Amino acid sequence: MKLKIRKYKKIYALDICKLFYYSINSIDPNIYTEKQKNAWCSTTPDKDKWHKRLKDNITWVALKDDKVVGFLELEDNGYINCLFVHPEFQANGIASKLYESMLLWVQKKNLKVIETDASEVAMPIFKKWGFNITEKKFIKRGAEILTNYNMRKNI
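Quick note, in my numbering, the sequence shown goes up one by one and the last residue is 222.
Keep in mind that the hints were calculated from the coordinates and are not lab data. There could be a bad hint or two in this list.
When the alpha-carbon atoms are kept at most 25 Å apart in a straight line, the in silico SDA-like pairs for lysine to any residue are as follows [to be verified]:
(1) K134 / K176
(2) K85 / T110
(3) K74 / Y88
(4) K104 / N215
(5) K203 / V188
(6) K71 / K195
Owing to the predicted nature of the structure, the values given are computational and were not obtained by experimental measurement.
Whole structure, please, built from the sequences with the hints as guidance.
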C-alpha cells in the first residue's frame, strides 16, 4: 500500500513513542553502544508527555497500511526536534517524504534557516539534503557521552 504523510493526531502518540524507542535501540552498536542507547532512551517515552510536545510543535507522521512508520517533529522556528523512521522501513524514501512535507511548510512560513542536532545515524541524511555541520557536540547522558552534530540549512 502507498505511503501517506499526515499531520499529527493524538491517536499516533503511543505508536510514535514505541517507534522512537525501537529505532534508537536498533542502532548498530558500532555507532552507539548499548550503554549509550540506554542512556538516550531506556524505556518507551510517556505517551501523554509526548502528545503534548508533538501537538505543540508541527509534526508529520508517515503511515503505511495505517501503521506509523516514521515521523518528523518541527518547532515553529525551524528547529527539527526529531526525524525517525522505523528500522524495518528505512531506505524506502520515508525520511525524504517527511522532509519534503516539512519543507513545504517552512517555505510557506518564509523561514530562512532550518536547523537540527543530528545523531551519528542521521547526520549523513541531513548532509545529503544540503545541511552543513556547524558544531560537533558531545552530550552527557548519565555516565555516557553521545555525539551529535548541530546542522543548518539556508532556505
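Here is how each hint holds up against the structure:
no., hint, result
1, K134 / K176, "29 Å, violated"
2, K85 / T110, "9 Å, holds"
3, K74 / Y88, "21 Å, holds"
4, K104 / N215, "13 Å, holds"
5, K203 / V188, "14 Å, holds"
6, K71 / K195, "23 Å, holds"
Violated hint: 1 only; the structure is consistent with all others.
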